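**Q** Chains as they are written, first to last, in this note's numbering: chain L, 1 to 389; chain G, 390 to 581.
Simulated from the structure, these hints should not be mistaken for lab results.
Be a bit skeptical, because a hint or two may be false.
[As the list claims (entries may be wrong)] Pairwise CB distance ranges, derived in the manner of DEER restraints:
id: 1; chain 1: G; residue 1: Glu535; chain 2: L; residue 2: Ser331; range: 16 to 26 Å
id: 2; chain 1: G; residue 1: Ser517; chain 2: L; residue 2: Asp346; range: 20 to 30 Å
id: 3; chain 1: G; residue 1: Arg479; chain 2: L; residue 2: Ala215; range: 27 to 37 Å
id: 4; chain 1: G; residue 1: Leu395; chain 2: L; residue 2: Asp346; range: 31 to 41 Å
[What the hints assert, rightly or not] 20 Å max Cα-Cα, derived EDC-like pairs, lysine to aspartate or glutamate:
id: 5; chain 1: G; residue 1: Lys432; chain 2: G; residue 2: Glu535
id: 6; chain 1: G; residue 1: Lys432; chain 2: L; residue 2: Asp328
id: 7; chain 1: G; residue 1: Lys432; chain 2: G; residue 2: Glu577
id: 8; chain 1: G; residue 1: Lys548; chain 2: G; residue 2: Glu577
id: 9; chain 1: G; residue 1: Lys548; chain 2: G; residue 2: Asp528
id: 10; chain 1: G; residue 1: Lys432; chain 2: L; residue 2: Glu330
[What the hints assert, rightly or not] From the derived model, a few chain L residues whose C-beta atoms are all more than 10 Å from chain G:
id: 11; residue: Asp40
id: 12; residue: Ala45
id: 13; residue: Asp63
id: 14; residue: Ser83
id: 15; residue: Leu174
id: 16; residue: Ala193
id: 17; residue: Lys203
id: 18; residue: Arg204
id: 19; residue: Pro206
id: 20; residue: Ala218
id: 21; residue: Glu221
id: 22; residue: Met222
id: 23; residue: Asn267
id: 24; residue: Arg272
id: 25; residue: Gly310
id: 26; residue: Ser353
Predicted, not measured: the structure shown is a model, and the values here were computed from it.
From the three backbone atoms N, C-alpha and C, an ideal C-beta is built for every residue, glycine too.
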Amino acid sequence: MRRSAIPALILALLLAAAAHGVVPLGEAGALLPLQDRVGDPELAAAVEEALVEELSGDHSLVDPPALRDALRRLRIRDVNHASPALLDRLGADLGVDWFFSATVHQATQRRAAPPQAGRLATQYESTEYLATAGSVPQLTLSARVYRVGGSGDRLTWAGFEAASGLDTRRLLDLGRIDDLEVLGRRVARRLAASLTEPAADEKRYPPARNGFLRAPLAAAEMGPVAIVPFNAVTDVDPTVAAETVTELALSVFNERGVKLLFPGRVNEILRRQGVRPRGEVDAATRAALRSEAGAALILTGTVESWEVRGGGRSEPEPRVAFSLRLLDAESGRILWIDGQDRRGWDREGLFRSGRIYAAGTLAEEMMQSLAAGLLTPREQQRPSESGND
Amino acid sequence: MRKRRLVLPLLLLAVSLGWIACAGGLQPTRFTNPDFNFAFVEKVAVVPMENLSNDRQAGVRATRLLITELLATGAVDVVEPGEVRAAFDRVGISRGTPSRDEVIALGKSLGVQAILLGTVTESETIRSGTVTIPVVTLDVHMLETETGTAVWAATHTEKGGGLSAKLLGTGAEPISETTRRCVRGIVETLVQ
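With the rest of the complex left out, here is chain L:
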């Protein structure tokens, strides 16, 4: 081997190792039961199967019966609200190093209506009906990884994926997905694969600057951030909308290098306070998060709109609006407040290019823009500041 090739080989190995840094290859882990907020067992089974296939390729997963027994023994019903201490006990019982927990937040499948009876359909209507006569499924998934026995207060990784059956459509309706379970498998594989993929290019998302920001923040300089569950005032399913956008915030800010407190730890503190704050924080809650979990900053927000119009005879267009607020955990001062209100087709180009059909996809773009408006880009951070914990 030439000497000049050795540094390149070492670099390649280091990069490969870094890519698997969240969950190193070969470590034993557990895929926790899927949190199904939709109540569709067939979809849940398809998503779980796809996650198992994707994760078991590079890692060894604990047997589901052993996992179920351990969960029952420790009385863990909703893993998203389990405290780090409880997850550490579960990990010790099972002999695993990490947990992967996924949630199906939303799944819709709208069926087209046939042309009205007793009336001759125009050529356009017939064509449109045939084009949408299947359905336009949409799906939103999120996931978290928790490392057993690590820094119990910190979130290791969070992911978010959403899609519509029209996302991969090409000419003549080729590539369109009409089956919700097929879409579910595809999105689940993408979610699991994102565990080892590099972060999205930050420059892809133009920063939102319609709000107020005291001073731009570098992710590496920020202290630990506690995300308090969002509030929602939507007309439909406010609880689902609030949970979805909360998970989205976890995913996007984690991807951008912000140190986040483990959500189970935050929930544990809020439960002990006897409060379930949504979208706002009072002085007592702030003090508890600061003193018990070491939170330096608190992020919360409100979802104002989460809806999808059309999807029957016409193509679906989502409308999403939400706002975020960042507080100093010590003083309670508002450091940043901003929001976005967008429709899926508002940046449409020629021939329907640029249309967004899934509410989750639209929300992700919005959250990335908001995060870009708050955080300084990574390349502007001094080398000594980046990546240090």
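Go by the hints and put chain G onto chain L.
**A** Below, chain G without anything else, positioned relative to chain L:
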């Protein structure tokens, strides 16, 4: 000769376009107490705005935008909404506009020199032919917390839709943008 024939029609077109573009709305109506020293106000609390419109999200949206625009002026600091709600619970205010004594108690509890209250009286999208125009009307007033007296009030209506929406019936703006402009118009009467 041909040029002269074109001048009048072009002039009429320019005037029409200018009239359409300017047909946006009235200036805010405001009251300011001349005896109150506004420099004294460093920190304010914004009470969640009451919503009299059919748009369920209008109150939350307007409240958030009022907080944002006030902070953006740099003239005052704004208390976190969660602390305002906790203060309401401590003082024992459940519904409606706080009384004078309650305003004074809130001021002491939150450490603010003034509180802002308001109402969304209109938040809807009007359809005129093929054109959709969002319309927002806000009414906001400020009470200073030493005596509970009103020291400032403003009301403003803003209509959305730019020139292309009015002429071509395309690209109506989101109602949140119309609300933002309405809030900004109101805040500008307070912080000049």
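**Q** Does the Cβ-Cβ separation between arginine 479 of chain G and alanine 215 of chain L fall within 27 to 37 Å?
**A** Given a distance of about 32 Å, which is inside 27 to 37 Å, the answer is holds.
**Q** Per the stated criterion, does the least C-beta distance between alanine 218 of chain L and chain G lie above 10 Å, as a non-interface residue requires?
**A** holds, 21 Å
**Q** Lysine 432 of chain G and aspartate 328 of chain L: Cα distance at most 20 Å?
**A** holds, 16 Å
**Q** Look at the Cβ atoms of leucine 395 of chain G and aspartate 346 of chain L and judge whether their distance stays inside 31 to 41 Å.
**A** Since leucine 395 of chain G and aspartate 346 of chain L have Cβ atoms about 38 Å apart, the given range 31 to 41 Å holds.
**Q** Keeping to a limit of 20 Å between CA atoms, is the pair of lysine 432 of chain G and glutamate 535 of chain G held or broken?
**A** holds, 13 Å
**Q** Just double-check proline 206 of chain L for me: nearest Cβ-Cβ distance to chain G has to come out over 10 Å.
**A** Given a closest Cβ separation of 17 Å, the condition holds.
**Q** Find the nearest Cβ of chain G to the Cβ of glutamate 221 of chain L and say whether that gap is larger than 10 Å.
**A** holds, 22 Å
**Q** Should the label of leucine 174 of chain L as a non-interface residue stand, given a Cβ cut-off of 10 Å to chain G?
**A** The assertion about leucine 174 of chain L holds, with a minimum of 31 Å to chain G.
**Q** Could you let me know if the closest chain G CB is still more than 10 Å away from the CB of aspartate 63 of chain L?
**A** At roughly 44 Å from the nearest Cβ of chain G, aspartate 63 of chain L sits farther out than 10 Å, so the non-interface label holds.
**Q** Should the label of alanine 45 of chain L as a non-interface residue stand, given a Cβ cut-off of 10 Å to chain G?
**A** holds, 36 Å
**Q** Can the restraint linking lysine 548 of chain G and aspartate 528 of chain G be considered satisfied, given a maximum Cα separation of 20 Å?
**A** holds, 15 Å
**Q** Confirm or reject: asparagine 267 of chain L is not an interface residue toward chain G, with every Cβ-Cβ distance exceeding 10 Å.
**A** holds, 17 Å
In this structure, every one of the numbered hints holds.
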